[in-house]
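Protein sequences, first through last, are from chains F and E. Taking my numbering, the leading residue of the first sequence gets 30, the next gets one more, and so forth. Taking my numbering, the leading residue of the second sequence gets 30, the next gets one more, and so forth.
I should point out that these hints are in silico values taken from the structure, not numbers from a laboratory. Check before you lean on any hint, since a few could be wrong.
[What the hints assert, rightly or not] Each computed DMTMM-like pair below joins lysine to aspartate or glutamate, with the alpha-carbon atoms no more than 25 Å apart: (1) E:Lys-153 x F:Asp-203; (2) E:Lys-178 x E:Glu-152; (3) F:Lys-178 x E:Asp-203; (4) E:Lys-153 x E:Asp-207; (5) E:Lys-153 x F:Asp-208; (6) F:Lys-178 x E:Glu-206; (7) F:Lys-153 x F:Glu-91; (8) E:Lys-178 x E:Glu-158; (9) F:Lys-153 x F:Asp-89; (10) E:Lys-153 x E:Asp-208; (11) E:Lys-178 x F:Asp-203; (12) F:Lys-153 x E:Asp-203; (13) E:Lys-153 x E:Asp-191; (14) F:Lys-153 x E:Asp-208; (15) E:Lys-153 x E:Glu-91; (16) F:Lys-153 x F:Glu-179; (17) E:Lys-178 x F:Asp-208; (18) F:Lys-153 x F:Asp-55; (19) E:Lys-178 x F:Asp-89; (20) F:Lys-153 x F:Glu-192; (21) E:Lys-178 x F:Glu-158; (22) E:Lys-178 x E:Asp-149; (23) F:Lys-178 x F:Asp-149; (24) F:Lys-178 x E:Asp-208; (25) E:Lys-178 x E:Glu-162; (26) F:Lys-178 x F:Glu-152; (27) F:Lys-178 x F:Glu-158; (28) F:Lys-153 x F:Asp-191; (29) F:Lys-178 x F:Glu-162; (30) E:Lys-178 x F:Glu-152; (31) F:Lys-178 x E:Asp-210; (32) E:Lys-153 x E:Asp-89; (33) E:Lys-153 x E:Glu-179; (34) F:Lys-178 x E:Asp-207.
In this text, all values refer to a predicted model and were calculated from it rather than measured experimentally.
Protein chains: 2
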Amino acid sequence: MVAPLTGGAGTDRTRVRRLPDLAVHDRQSLHAVLDAGRVGHLAIVDQDQPYALPVAYARDGERVLVHGSTGSRLFRHLAAGAPACLTVTLLDGLVLARSAFESSMNYRCAMVLGRLVTLDGAEKLTALERLSEHLLPGRWAQIRPPSAKELAATLVLALPLDECSLKISAGPPDDPEDDLDLPVWAGVVPVVEAYGTPQPDPRLRHQLPAPEW
Amino acid sequence: MVAPLTGGAGTDRTRVRRLPDLAVHDRQSLHAVLDAGRVGHLAIVDQDQPYALPVAYARDGERVLVHGSTGSRLFRHLAAGAPACLTVTLLDGLVLARSAFESSMNYRCAMVLGRLVTLDGAEKLTALERLSEHLLPGRWAQIRPPSAKELAATLVLALPLDECSLKISAGPPDDPEDDLDLPVWAGVVPVVEAYGTPQPDPRLRHQLPAPEW
Numbered sequence: 030m031v032a033p034l035t036g037g038a039g040t041d042r043t044r045v046r047r048l049p050d051l052a053v054h055d056r057q058s059l060h061a062v063l064d065a066g067r068v069g070h071l072a073i074v075d076q077d078q079p080y081a082l083p084v085a086y087a088r089d090g091e092r093v094l095v096h097g098s099t100g101s102r103l104f105r106h107l108a109a110g111a112p113a114c115l116t117v118t119l120l121d122g123l124v125l126a127r128s129a130f131e132s133s134m135n136y137r138c139a140m141v142l143g144r145l146v147t148l149d150g151a152e153k154l155t156a157l158e159r160l161s162e163h164l165l166p167g168r169w170a171q172i173r174p175p176s177a178k179e180l181a182a183t184l185v186l187a188l189p190l191d192e193c194s195l196k197i198s199a200g201p202p203d204d205p206e207d208d209l210d211l212p213v214w215a216g217v218v219p220v221v222e223a224y225g226t227p228q229p230d231p232r233l234r235h236q237l238p239a240p241e242w
Numbered sequence: 030m031v032a033p034l035t036g037g038a039g040t041d042r043t044r045v046r047r048l049p050d051l052a053v054h055d056r057q058s059l060h061a062v063l064d065a066g067r068v069g070h071l072a073i074v075d076q077d078q079p080y081a082l083p084v085a086y087a088r089d090g091e092r093v094l095v096h097g098s099t100g101s102r103l104f105r106h107l108a109a110g111a112p113a114c115l116t117v118t119l120l121d122g123l124v125l126a127r128s129a130f131e132s133s134m135n136y137r138c139a140m141v142l143g144r145l146v147t148l149d150g151a152e153k154l155t156a157l158e159r160l161s162e163h164l165l166p167g168r169w170a171q172i173r174p175p176s177a178k179e180l181a182a183t184l185v186l187a188l189p190l191d192e193c194s195l196k197i198s199a200g201p202p203d204d205p206e207d208d209l210d211l212p213v214w215a216g217v218v219p220v221v222e223a224y225g226t227p228q229p230d231p232r233l234r235h236q237l238p239a240p241e242w
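Please model the complete structure; the sequences and the hints are all you need to start from.
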């Protein structure tokens, strides 16, 4: 069946138990996966109910930066140091095997466990610039920086890359020898992310080129 | 700043607090978002530590199906009825505003809270077919069905669409009037998912066409 994408390695809490051969342990690879993503999912608990909260993020050295509204209950919990898990999953391809059981996906999945810390003052503004430059490269120098009021309405949090795991599934299907004669196409259908044609704001007042990414 | 993607609506636990105007309440839209996705993130708690676990999923009427290995600690917790949250986030575009604060993303985010139930017997096999057909359309009739041993190694779980929320962010940036004269391009850069050229398994023994999706 299409395999679930799961992560885990490092401490006992993050050691890869499922398909441990997919575990990757070098930090360079961890950084590369985090840098390739834009949206992660933060797991947090509120009154015994877990939530998976999508967040835009950026890696900043050995930590990941996220931000949210001071009006967000879950973000206030995160800011208060509640235990959290940030998972970034990149889908690379559909793995078409000759059996349902071996059919799966190729993916890269980084998981970071820990507690987030709140950034303030100059560090807060620098972190917002880092977030913006990761998500919208080159924009920070062009756009209006946040006002004091906007900054006050924003929580900027950092999650250190202390307790992490990285799991990468790649390559062709892993069919057992007995299935190789089955008369069905097998291989990988890559899944790629691309940019569409930029859609100018109807209220655009200047003849300016859209960014070329 | 690039807005965090958050969901919530329905019960008090899922009512949209942040940007409630983005909340969508019809089930047809909820189904459409779930049907457009392949990978969701399941939040689950283990010994006070939340985890966000990426999972392949499929919608089956008014429930979502997932599956995992009986060897997965977190999947066994899910099967035991631990409270969970499945979040499916589809990134549609980067919203380039004239200020950092208004810069954001267009997205569709479905969140489902609840406890998963284990499927067995004929229902389990039907659910695996549904998962396969959602993720790899047309393959089920061609590939080898799961053996008894493979079925025994697989947990198939269903999460009812009882407590759900849907949040959709779309359209151009929402810059305040005062920012409209700033000399910077503004608009939306769509983010689209596409298939790359199918990569045949090096061990492919038959001249067969790759699926055309």
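Outcome of the hint check:
1. E:Lys-153 x F:Asp-203: holds (23 Å)
2. E:Lys-178 x E:Glu-152: holds (17 Å)
3. F:Lys-178 x E:Asp-203: holds (17 Å)
4. E:Lys-153 x E:Asp-207: violated (58 Å)
5. E:Lys-153 x F:Asp-208: holds (23 Å)
6. F:Lys-178 x E:Glu-206: Distance ~17 Å between F:Lys-178 and E:Glu-206 Cα, so the pair holds.
7. F:Lys-153 x F:Glu-91: holds (16 Å)
8. E:Lys-178 x E:Glu-158: holds (17 Å)
9. F:Lys-153 x F:Asp-89: Holds, at roughly 12 Å.
10. E:Lys-153 x E:Asp-208: violated (56 Å)
11. E:Lys-178 x F:Asp-203: Holds: E:Lys-178 and F:Asp-203 sit about 17 Å apart, inside 25 Å.
12. F:Lys-153 x E:Asp-203: Given pair F:Lys-153, E:Asp-203 holds - Cα atoms ~23 Å apart, limit 25 Å.
13. E:Lys-153 x E:Asp-191: Holds. E:Lys-153 to E:Asp-191 sits at ~21 Å (cutoff 25 Å).
14. F:Lys-153 x E:Asp-208: Given that 25 Å is the threshold and the Cα spacing comes to 23 Å, the pair holds.
15. E:Lys-153 x E:Glu-91: holds (16 Å)
16. F:Lys-153 x F:Glu-179: holds (12 Å)
17. E:Lys-178 x F:Asp-208: holds (15 Å)
18. F:Lys-153 x F:Asp-55: The hint is violated at about 29 Å.
19. E:Lys-178 x F:Asp-89: Violated, at about 46 Å.
20. F:Lys-153 x F:Glu-192: At roughly 23 Å apart (the allowed maximum being 25 Å), F:Glu-192 and F:Lys-153 satisfy the hint.
21. E:Lys-178 x F:Glu-158: Violated. E:Lys-178 to F:Glu-158 sits at ~53 Å, over the 25 Å cutoff.
22. E:Lys-178 x E:Asp-149: Holds - the C-alpha atoms of E:Asp-149 and E:Lys-178 are around 14 Å apart, at most 25 Å.
23. F:Lys-178 x F:Asp-149: Measuring from Cα to Cα gives roughly 14 Å; hence the hint holds.
24. F:Lys-178 x E:Asp-208: Holds, because 15 Å separates the two Cα atoms, which is no more than 25 Å.
25. E:Lys-178 x E:Glu-162: holds (21 Å)
26. F:Lys-178 x F:Glu-152: The hint holds at about 17 Å.
27. F:Lys-178 x F:Glu-158: Satisfied, since the Cα-Cα distance of roughly 17 Å is no more than 25 Å.
28. F:Lys-153 x F:Asp-191: holds (21 Å)
29. F:Lys-178 x F:Glu-162: It holds: about 21 Å lies between the C-alpha atoms, which stays within 25 Å.
30. E:Lys-178 x F:Glu-152: Status violated; Cα separation ~55 Å.
31. F:Lys-178 x E:Asp-210: Distance ~21 Å between F:Lys-178 and E:Asp-210 Cα, so the pair holds.
32. E:Lys-153 x E:Asp-89: Holds: E:Lys-153 and E:Asp-89 sit about 12 Å apart, inside 25 Å.
33. E:Lys-153 x E:Glu-179: Given pair E:Lys-153, E:Glu-179 holds - Cα atoms ~12 Å apart, limit 25 Å.
34. F:Lys-178 x E:Asp-207: holds (15 Å)
When the structure is compared with the earlier hints, violations turn up for hints 4, 10, 18, 19, 21, 30 and for no others.
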